[in-house]
Amino acid sequence: MALHPDRLFPVEPEARAIARRLFESVADLKIISPHGHTEPAWYAEDQAFPDPAALFITPDHYATRMLYSQGVRLEDLGVRRRDGKGAAVEGRAIWRLFASHFHLFAGTPTRLWLEHSLETIFGITERLQPANADALYDRIAEAIATPALRPRALYDKFGIEVIATTDGALDDLAHHDAIRRSGWHGRVVPTYRPDAVVDPEARGFLENVEKLLAMTGEPATWTGYLNAHRARRAFFKAHGATATDHGHPSAHTENLSAADAARLFDEALSGTAGPAQAYAFRGQMLTELARMSTEDGLVMQIHPGSYRNHNPSLFADFGPDKGADIPKATDYVHDLKPLLDAVGNDASLTVILFTLDETAYSRELAPLAGHYPALRLGPAWWFFDSPEGMRRFRETTTETCGFYNTVGFNDDTRAYLSIPARHDMARRVDCAYLARLVADHRLDEEEAHDLARELAYGLAKRGYRL
Amino acid sequence: MALHPDRLFPVEPEARAIARRLFESVADLKIISPHGHTEPAWYAEDQAFPDPAALFITPDHYATRMLYSQGVRLEDLGVRRRDGKGAAVEGRAIWRLFASHFHLFAGTPTRLWLEHSLETIFGITERLQPANADALYDRIAEAIATPALRPRALYDKFGIEVIATTDGALDDLAHHDAIRRSGWHGRVVPTYRPDAVVDPEARGFLENVEKLLAMTGEPATWTGYLNAHRARRAFFKAHGATATDHGHPSAHTENLSAADAARLFDEALSGTAGPAQAYAFRGQMLTELARMSTEDGLVMQIHPGSYRNHNPSLFADFGPDKGADIPKATDYVHDLKPLLDAVGNDASLTVILFTLDETAYSRELAPLAGHYPALRLGPAWWFFDSPEGMRRFRETTTETCGFYNTVGFNDDTRAYLSIPARHDMARRVDCAYLARLVADHRLDEEEAHDLARELAYGLAKRGYRL
Amino acid sequence: MALHPDRLFPVEPEARAIARRLFESVADLKIISPHGHTEPAWYAEDQAFPDPAALFITPDHYATRMLYSQGVRLEDLGVRRRDGKGAAVEGRAIWRLFASHFHLFAGTPTRLWLEHSLETIFGITERLQPANADALYDRIAEAIATPALRPRALYDKFGIEVIATTDGALDDLAHHDAIRRSGWHGRVVPTYRPDAVVDPEARGFLENVEKLLAMTGEPATWTGYLNAHRARRAFFKAHGATATDHGHPSAHTENLSAADAARLFDEALSGTAGPAQAYAFRGQMLTELARMSTEDGLVMQIHPGSYRNHNPSLFADFGPDKGADIPKATDYVHDLKPLLDAVGNDASLTVILFTLDETAYSRELAPLAGHYPALRLGPAWWFFDSPEGMRRFRETTTETCGFYNTVGFNDDTRAYLSIPARHDMARRVDCAYLARLVADHRLDEEEAHDLARELAYGLAKRGYRL
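Protein chains in written order, with our numbering: chain G, 1 to 466; chain A, 1 to 466; chain V, 1 to 466.
Hints are computed from structural coordinates only; laboratory data are not their basis. Given the structure is predicted, the values throughout are model-derived calculations rather than measurements. From the three backbone atoms N, C-alpha and C, an ideal C-beta is built for every residue, glycine too. Treat the hints with care, since some could be wrong.
[To be verified] Beta-carbon label-pair distances, calculated as ranges:
#, chain 1, residue 1, chain 2, residue 2, range
1, V, Ser313, G, Gly168, 28 to 38 Å
2, V, Thr272, A, Ala202, 35 to 45 Å
3, A, Asp76, V, Gly297, 47 to 57 Å
[What the hints assert, rightly or not] Subject to a maximum C-alpha distance of 20 Å in a straight line, what follows is the list of computed DMTMM-like cross-link-like pairs (lysine to aspartate or glutamate):
#, chain 1, residue 1, chain 2, residue 2
4, A, Lys322, V, Asp346
5, A, Lys322, V, Asp341
6, V, Lys322, G, Asp317
7, G, Lys322, A, Asp341
8, V, Lys337, A, Asp317
Turn these sequences into a full structure, and let the hints steer you where they fit.
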């Protein structure tokens, strides 16, 4: 049951041997984690994590969605209803329920991440099942109470060199301040994620913009609003940020005149903007934010194409981020054109594109990134952060835009304990891909070694200017 | 030339050995055939099949379309014109023509199915070619005249445990009645396919609905029409049906108010419904039929995305189902939302989705099935019922929705003799996929054995409530 | 560093051995190059090629786009600005700049083509890098000054049997004339590419049509215009052409009445046609040109789905074909229907379809080509003219339309020295694909040998009627 040293490598012995050699040279490289969702409070306060279910199950929508799809109620997995109804569920009961459904995860990355964490952090090499659920629960609960498994200790144990969090535009970054003031050697940097003050359809948009303007002392004008963004970006940058992040329903951008943009802003702020205006405003803001990136050097990340909260009754009961966001077809070639017309030829800018629509890899994203100096491709994302997903990403992009128009791996996770597992998976899959290119003589092994290092470490570090 | 025991397995010896072991444990499992198009009359009357051409070529649009694409006339393959013109063609002449074009099928599943049938049923291990066409024709003709190759004997020889037919809503199920009354041990169940009374654009829609209402004694109102469906479903269920089937141009659904739906029904029945109304009505009916499934427990199958009768002159001459149905892009994430809003969270409901647009696997179908309790994914369908098609289905869905949100294999065929060949292919390809996961240490071989059994037998049996 | 004899073959020894045997039997077959962009002047004048940079870098948009995407200026690669500003750059400086960025091409076909050319034509087996850039430059420069590397000598050295060029409808084919009159044994045939007189949105459309009518003595009427095409096609055919080529933004076709088409033509010619009229006119012309092909037997090629000149500032500075054409989603099933309704059942017609949208392979193109007698599939095109691109083409089309509804390989290149490299790659990848089918017992090795020969030679020769 123990983790096999050759996992995820090609089965053919010659290619496997190459993959082994490549992986050996990158397995112990420091982790660059330039995009993710861990809590800055963890590093600031360095408290022990709560019980195993709260650590591994309840907050992980990969885990809860699979059980939900097979008829398990979210309440029974510890997910709290918005109306506060329903009794709290014991961690142990959640863990048992999970154990009795663990076979559902066969063939999924969630299974591989969990088993990697259990073995490397807790020394557990048994497959989770009803019979051993209680024993494993106790063992994990005991371990996470110890100082060796507190966030800062794990940061060192995991070999993290730098980790980025994702923070709203209105965030005071107090935890990031506290981390810095504490004198701890870890490097935790914020990321500027302004969706809530950029999307007129976001919950509380008007209040959010009001706060933004108040925080920065700017007037409620288009110019004031843009300057407020500039001020907050500078604030984030002063706290170590090197990047911004933008999760939009589509990749749509606009390149309006200042007058038209100002008019749109006034509509948005008056609360009269309908869906078409909101769509246009979000699009215009991507271009404005890209222009700001040419000024302040922050790397821009665009994550489009998720139909958020597809399940309205689940959303009503439990709120967002419960596994009901569904990918949709995304058109980059037309949608990004206004932004690219404005800033696409600026080689000092870096815009990193992600997708949930794999058809865009070979048809649009690799051709775009293989041409525009400002564009790079982010790694296989979300549902595609998986062995087959990563393989398809390389197979459908490399031939057109090469390796150097990509930016290495990022774990994009709120599951802190899974971070080493995810980087391990990405490094293995990339080494397996490179090994196949070496084995059929498309690359020399020597350059494959250089590339393996770039994919595991160099590209992320340089791509995100860390 | 004989069938190789390792066909469709991985070539790498280690993975091949695993695939062999997995396949050995499922090769002889009984066949569950929960969706198909064999004729209930075959089982009821148990007559010998006609000549080899009528058995293997003329009714098989996979076979005739390939020859047609290379300039062979359908008339020469025995396909009769609607206007009755043209002389009947002798089976032997058709067979010879087919033999002289058999090289066209290299690399296709049709070739693999045919050769499997020839060897396992007729003991023929030579490749079909002009030189042996007559001899093979005689050998097959002789064999199918014997009692051992009648439908009921083949049912046993093939190891079928249960087989579903597909039957119009107006069908009297007389053959199913006859089968039951005959005391034969075979289990042949009908499937409720109401497209002809659901689609206002279907040929004869108004007459069909009239018949439906007459059969059930319901009035020509929206409520009466829905009750007529309920009555027919109950009739099918009483004859053994466990499922319904819906072949729609798109996955579009609606969730209208009862008043709006009633108005739409009245338009459809008055013959004034245009394409937009027909589109909406079909969409509304999918939701209504899903609601009925929550009442009566029938599993619902949705087969969308075929552009039927793409070739109008061929349709005029020969009618439907002559190989001129072409897949088109299909949007599940928006189209299914109204139905899912209505019943998607009902874990007692099973809706099985199929696609002819492979891009939907990883982008939409696996994410949807990995979340909604009511959804399951049907196997790779029609043009994708093939080794590469099945492999891509597993590779692009498993990581997101696992194995247990799929429902095993179904052969979907009217080619009775190919049924064992198709299940053999599916079992081999699934074992090959599992073997690769075992070989690169994503699964243990022990659990792969359990999964192989589920994919070959258990998932179909439970998924279709058989 | 030298080219490995097993490059691009399966790694698994059994499959590799089969691939070797298959490749041996096709490696030395003559090259049929039925679609490409070499200059007829080369063969007519037989002059030495200029310096290495002008040969390998400046005109190759695959090469320049990759460097541009990483911040290199096109000016520094020798690409001249339209306004004539900027000093000419020395070939040696361009070569050095290229050498210092050569690592960007790891994993791309450009790298494999270049290394194949360097070794087989110049005997260079070192990897290009800054340290050896000058030495290799000198070596290449010296060699291309010799008679052995002039266009006609290379034609023989490369083993070309016939090569097609691509020529505007207004071209006088003087170079083709000169080639024929010279008595040289090489076969260089033109291809009729009328986009500039067919697309109302093409630069200079009105002048182009005026010239077309003047050349053919036809009046400025719809009938005159169609007859002018007929006359030019006859002229091309008399110069050896066997095919036409059409590069349209989409696959859209129309099948209008003669009166409506004539009205559209009048609008186009009056300069009052907007985008919708231009779109309709282009679509109508595809159908008209297909009809002409049924008359004169010229094979019709349709290359849709490129968003040309996506980067307007680059286009303003440098003009078209500088690496800024980006693929877009393409719908064949609806777009081609009017053309297919008109002529799709004509088995004497050959229409060859290409795509930049790989999702169409399995969903639309293979099902269409596997049905309509007039349709064939062109090989993996442009960004997909690569090992993975070719593999995906076979894996997603063969099972539905077989091998015989495809037309072999074409190199589609203006990079003359890369022609053997490209055919070598295509033959290897096809043999690798066939070897896998043999190794897992989907094909016999004997028929794989026949198929390898068809894919490398026979299908292109027959498909293009050469």
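In rising order, the numbers of the hints this structure does not comply with: 3 and 6
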